[in-house]
Amino acid sequence: MYKHRLAVIIVVALIIVEFILFKLLYPYANFSSDSYVYINAAAANSDINIWPIGYSKFLRVFGTFIHSDTALVFFQYLFLEAAILYFLFTIIELLRPAKAVVYILLSFPLLNPVFLFLGNYVTSDALFTALSFIWLTQLLWMLYEFKPFYLFTHALVLLVAFTFRYNALYYPFISAMVLIVSRQRWQLKTVGIAIIFLLPGVFVWHTSNQYYKLTGTRQFSAFGGWQLAGNAMFMYSHAYKNDTTAVPLRFAALHRGVVRHMDSLSHVRSRPDAYLNDYYLWNPNNPLIQYMFAQSGTDASALDFRIWAPMAPLQGAYGAYLIRRHPGAYARYYLLPNTINYFLPPLEDLGIYNMRKDSVKKVEQIWFDYKSQQVKSYSKDVGILYLLPVLAFIIQIIFWGTMVSFLLLKGHRKADQFFNAALVLVIVIWIINFAFSVLASPIMLRYQLFPLVVFFSFSVLLVERIYKTAWEI
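Throughout, the working numbering is defined as the position within the sequence shown, counted from one, plus 10.
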């Protein structure tokens with residue numbers, strides 16, 4: 011990076027100027043229902059929550075120094091941009107692309123406004139995306155020139171990422187693959203793999219214990235059970251009319267409510283489950299939550315984590331039961347639409363500001379020391395991001411198009427060993443991220459920004475290699 015110090019200075023200066031201009035248009039942070047959950051957990055200093063607890067712990071630590079939302083979003087944005095630049099300058103340093111390619115690579119984080127909006131969002135997205143870039147960059151250095159101390163810094167990054175979002179579940183397995191193929195003694199590989207899995211394992215153990223104290227059952231993530239049931243609902247809304255088989259007794263009451271709800275939705279002109287979304291997770295009218303209210307004797311005004319978490323095992327078991335009964339319908343009505351979403355990821359909350367509201371919740375006002383609950387912004391709809399799903403589709407098409415062209419031209423035979431290894435790593439990330447994303451939950455653009463930047467960067471590098479290979483021919 012020392013060789014590119016002038017470029018670094020210019021890039022950092024532009025990043026700061028862009029942030030200042032952005033805050034003139036959006037002086038307040040962006041909030042969603044997730045923000046409320048994170049801040050509540052931070053205020054209560056909880057050890058478990060609906061979402062992974064890492065971001066709430068970060069908010070609490072950050073809040074001991076300053077409660078300014080501007081300071082928070084500036085830190086998030088700067089940390090995200092720094093992580094992206096760490097990744098980009100690493101591949102520039104290790105792969106030595108032409109100057110024009112360097113400019114193209116650096117233009118993406120500078121000219122793409124999505125990172126400003128992501129940093130302005132009070133959720134774990136910006137920091138988790140940044141940690142993902144650091145994780146991948148460390149893997150690239152481990153492939154290029156392995157040093158033992160990488161193991162400890164890498165394990166720490168994995169642990170922190172894991173506490174921020176469970177999308178990091180597959181990260182240790184990819185890290186282990188890199189260690190296995192690295193040119194190191196098997197003893198060091200064994201120790202490294204053990205450390206990589208040990209730290210997240212301790213977090214899983216601690217979280218499971220906290221859930222056991224609350225619910226009486228050991229589970230790692232209550233959200234997983236609810237998510238599986240929610241995914242199954244999108245399928246079952248199409249399959250229930252032809253399903254006459256009696257369900258197991260423990261699901262009977264829940265199932266009756268689901269069938270009644272599906273019947274009522276059949277008379278609605280604009281169905282809330284017409285496309286994959288979070289309707290079956292959070293909408294108080296959905297049958298899963300209605301069953302929870304009936305069992306707990308509460309209503310929507312009393313929905314909290316202590317009521318929600320104990321229901322997760324039953325919800326997850328019910329969702330898995332329906333999926334096993336209707337695998338074909340599940341593939342058609344959930345997996346196929348979510349596969350399409352992987353290539354054209356919806357903007358979701360990223361496309362709107364503060365859920366199109368002019369105010370924030372009381373807990374958000376108190377946490378950030380706002381004078382009132384009223385907030386303002388340039389616009390409630392973020393129109394500048396509307397084309398990003400199309401851009402995401404184009405990036406993936408170009409990535410695979412350049413990849414196939416590179417292989418057909420036998421560019422891999424002329425490329426150095428590190429470039430080929432890095433390319434294999436990126437392909438593995440695409441495959442595993444695709445499978446995990448499609449299977450886990452409805453896909454949203456903000457969850458895919460990390461891999462999209464990686465695919466864009468390697469597409470540019472592949473175009474350069476293809477050009478050189480074709481020119482030599």
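Calculated from the structure, these hints are not laboratory results. Quick reminder that beta carbons are idealized off the backbone N, C-alpha and C, glycines included. A couple of the hints might just be wrong.
Below, simulated DSS-like cross-link-like pairs (lysine-lysine); rule was C-alpha separation at most 25 Å, straight line [said to hold, decoys possible]:
#1 K67 with K371
#2 K390 with K371
#3 K371 with K386
#4 K420 with K33
#5 K372 with K109
#6 K367 with K390
#7 K367 with K381
#8 K33 with K390
#9 K424 with K478
#10 K371 with K33
#11 K367 with K386
#12 K424 with K109
#13 K386 with K33
#14 K199 with K223
#15 K371 with K381
#16 K420 with K367
#17 K223 with K67
#18 K157 with K199
#19 K33 with K381
#20 K372 with K33
#21 K386 with K372
#22 K67 with K478
Derived Cβ-Cβ restraints for the label pairs, each shown as a range [stated by the list, open to error]:
#23 A445 with Q383: 27 to 35 Å
#24 P347 with G226: 47 to 55 Å
#25 S382 with A81: 14 to 22 Å
Right, here's what the structure says about each hint:
For a cut-off of 25 Å, the pair hint linking K67 to K371 stands: about 20 Å separates their Cα positions. Pair hint K390 plus K371 holds up; C-alpha atoms about 17 Å apart against a cutoff of 25 Å. The hinted pair formed by K371 and K386 meets the criterion: a straight-line CA distance of about 14 Å does not exceed 25 Å. At most 25 Å may separate the alpha-carbon atoms for a hinted pair to count; K420 and K33 exceed this at roughly 48 Å.
For the hint linking K372 to K109, the alpha-carbon distance of about 51 Å lies beyond 25 Å, and the restraint is violated. Distance restraint check for K367 and K390: the Cα-Cα separation of roughly 8 Å lies within the 25 Å cut-off, and the hinted pair is therefore satisfied. Between the alpha carbons of K367 and K381 the distance comes to roughly 17 Å, so the proposed pair stays at or under 25 Å and holds. Distance hint between K33 and K390 is fulfilled; the C-alpha atoms sit about 14 Å from each other, no more than 25 Å.
A hinted pair counts as satisfied when its Cα atoms are at most 25 Å apart, and K424 with K478 qualifies at roughly 10 Å. Between K371 and K33 the alpha-carbon distance is near 21 Å, which keeps this suggested pair within the 25 Å criterion. For the hint linking K367 to K386, the alpha-carbon distance of about 9 Å falls within 25 Å, and the restraint holds. Our distance criterion of 25 Å between C-alpha atoms is met by K424 and K109, whose separation comes to about 21 Å.
Note on K386 and K33: the hinted pairing holds, with a Cα-Cα distance of about 11 Å set against a maximum of 25 Å. Annotation: proposed proximity of K199 to K223 is violated, straight-line Cα distance about 37 Å (limit 25 Å). The straight-line distance between the Cα atoms of K371 and K381 is roughly 13 Å, inside the 25 Å bound, and the hint therefore holds. About 55 Å separates the Cα atoms of K420 and K367, which puts this hinted pair outside 25 Å; it is violated.
For the hint linking K223 to K67, the alpha-carbon distance of about 20 Å falls within 25 Å, and the restraint holds. Taking the CA atoms of K157 and K199, the gap is about 12 Å. The hint holds against a cut of 25 Å. Taking the CA atoms of K33 and K381, the gap is near 18 Å; set against the 25 Å cutoff, the hint holds. Proposed proximity of K372 and K33 is supported: the alpha carbons are some 22 Å apart, at most 25 Å.
A C-alpha spacing of about 16 Å is found between K386 and K372, which places the hinted pair at or below 25 Å, so the restraint holds. A threshold of 25 Å between alpha carbons decides the hint, and for K67 with K478 the separation of about 49 Å lies outside it, so the pair is violated. In this structure the supplied range 27 to 35 Å is violated for A445 paired with Q383, their Cβ-Cβ distance being about 42 Å. Range check, P347 to G226: about 36 Å between beta-carbon atoms, so the 47 to 55 Å window is missed.
Against the hinted window of 14 to 22 Å, the Cβ-Cβ separation of S382 and A81 comes to about 20 Å, which satisfies the hint.
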